[in-house]
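S.K.: The lines below spell out each chain.
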Amino acid sequence: MTIRAQVAMVMNLDKCIGCHTCSVTCKQVWTNRPGAEYAWFNDVETKPGVGYPKRWEDQERWKGGWELDRKGRLRLKAGGRLKKLATIFSNPDLPEIDDYYEPWTYDYEKLITAPLSKHDPVARARSQLTGKALPEIQWGPNWDDNLAGAPERIHQDPLTEGIQEQVKATYEQAFMFYLPRICEHCLNPSCVASCPSGAMYKREEDGIVLVDQAKCRGWRFCVSGCPYKKVYFNHRTGKAEKCTLCYPRIEAGLPTICSETCVGRIRYIGLVLYDVDRVEAAASVPDPHELLDAQRDVFLDPEDPEVRERAARDGIPDDWIEAARRSPVYALAHRYEVALPLHPEFRTLPMVWYVPPLSPIVSALEEDDYEADPDQVFPAIESMRIPVDYLANLLAAGDAERIRGVLRRLAAMRGHMRKREVLGEHDEAMPASVGMSVADVEDMYRLLAIAKYEDRYVIPQAHTELAGRLMEQQGTCGLDFEGGPGNCGMVGAESGPEDFMLSDGDPVDLDIVKMAGGRRRDGAADRDGGGA
Amino acid sequence: MSAGKVLLWIILPYVAITAFVVGHWWRYRTDQFAWTSRSTQLLDRRVLGWASPAFHYGALAAIGGHVVGLCIPESLTASIGISEGFYRWFAGIAGGIAGLVTLVGFLGLLYRRTTSARVRRTTTRTDMLTYFLLTVLILMGCWMTFGHTLFTDDPYNYRSSIADWWRSIFYLDPDVAAVEGAPLIYQLHAIVAWAFWGLFAFSRLVHAWSIPLQYVGRPYILYRRRYRAGSSA
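Those protein sequence lines, which keep their order, are chains A and B. Just so we're aligned: 410 in the numbering used here is position 410 of the first sequence, and the numbers increase by one with no gaps anywhere. Just so we're aligned: 1086 in the numbering used here is position 86 of the second sequence, and the numbers increase by one with no gaps anywhere.
The hints are simulated quantities; they were obtained by calculation from the structure and are not laboratory data. Beta carbons are placed, not taken as given, at the ideal position from N, Cα and C, and that holds for glycine. Any given hint could be a false lead.
A short, non-exhaustive set of chain B residues, derived as facing chain A with CB atoms under 8 Å [claimed, not checked]:
no., residue
1, 1113
2, 1207
3, 1221
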């Protein structure tokens, strides 16, 4: 067991109003530059909808993420290392920019410089790729926002496959909800695995997945390897870019821009402790319906004293362990089990989880003089506008029972609080019927409904002072933990990943390395006693 | 020896080699951010699907042929029993196929780059110079292979002339006499090639050194520490 900390996020889709503030503030901060005009590190999609880029969820087409081979071993869906090298001159799975949209601006100057004329001057659209006027804009960001064009396009949504009869575009029967998306900062990131240059990496301290701009050589396999299509190719610089989880803010203990500016207060950021040695096994579970439990089991309970002791031994600072105990993400994903991973079947172990949305019951029932009894919350779940099967395709690898379980808990929370606040009754039956205590339900209510800033964001500051301690590891292997390879000679001196943990090729005095290694082990023993 | 000959067959090679070596050293140290393939596949996937692999695989094969033809002395191949005739036919046929594949791919890429407005707009002046030199080199290379090696009664044996001069440059004892008698097209090909090598480090061609062979033996998931060891010391 090797414990690491991951900064993770939960979004409560029940409260997303689709205002796109997260997208706009993210764009202003990160992608408001030439070459990244089309890139939205954060975007908000209307579901059902075609998606951005179009049909990104269709992995039979884009070949993102992982799959199991015939022997049940985990492999990249787009093929292994040799296939990547063989197709490096033309990536067969790369989306074209039209799959996102052709970015444009307007000829604003025309409005000022046009001579006096009978009609108002028009600022024409100009492509930001060619600089030429665009005769007609065919597609753009959020082109199908709020079901625009749904009658023609709704069944281009890959999630509607097999449940077409449940997904209606007619006004009376339509349903929709919003899905804000950022990089998932996966525990098993297929973008990192797809990068031939080794330019992408996951940070050991907080799990943030980044692209080293100096090492990226523009081979563009990360773009196709990510099943969420959240790595973008900057067409000016020829390098890959992606959501950074606003790491400069996270390091300072602040929430990401998208979270900070979220009007609906739907976002939660906190730590989860996980066992890095269990990641591959969890991603390799054969039955897709068991993936969710396997992914939850990778998380470790920060209330467990053994876990805390082990975490401290693995170098996680005390205040981080304390923050993990107060983590809203762990609470929603593991304690209350109402948050679910986005497309667990991609097998990347995504670290942005979602609370599925409740929705009004279908109007067909109301027409038959049906009047919903507000205290009968559970029967309503089957009559909700958003088909459970649709949510199951999004958040539970098709396992509708999972979604029902979560919706029942959310409905029970509402029912319980309604009884308490409106009727003044105290009833333990409803929480008990969904396997929760009254205290848990009321805690969950405070987290989801009251959603105080300090409860939503529990982000410990980065420990810059630890950088000095890493000096002791200079020249040592960095892999000599329990169960690790433990031998520097096993990996080539030039290409091994442990290179990244060493300094820039400074000559190392071997005697000093030995001494430092000894000191490090002594230091570790001290830390076990005295804490970090 | 005339000043022109000294310039073309001694000074030009050494200037090109210097630019190549120093240029790469300087570029690698100062310009990692622009060290990329500058792929335009995102902008337009037409034509690229077949033209880019054809050009790159053809070029890799042609480079291999050049390495064998220029670096291995004729005496060495002769000593292991490869006759000049056999070498000529093998090199001519293999080189001819490689050259044709490269040429077809290159024409496809040129067509794409000139007709696609999106791709054309990403083309820099250095790119244009690179494409010009590549066009000249590939056309002359194909002409020499087909006109002077395969379909001729009087094949030219560059291995006993140009190759000797080429190697003598690296011995620091340039043998100008060995190249003087070569047909004009061989001489032109060599001169343009030196210009090409001189430009190499300053163009997008540097991505050739980044063929990620290390990917084959690497673990899939890479972790890095936020602070490199000793960075705060």
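S.K.: For every hint, state whether the structure bears it out.
M.R.: A quick look at each hint next to the structure:
Given hint, residue 1113/B at the interface with chain A, is violated; its Cβ is 13 Å from that chain's nearest Cβ, farther than 8 Å. Checking residue 1207/B against chain A by beta carbon gives a least distance of about 6 Å; that is within 8 Å, so the hint holds. This hint holds: residue 1221/B has a C-beta 6 Å from the nearest C-beta of chain A, less than the 8 Å allowed.
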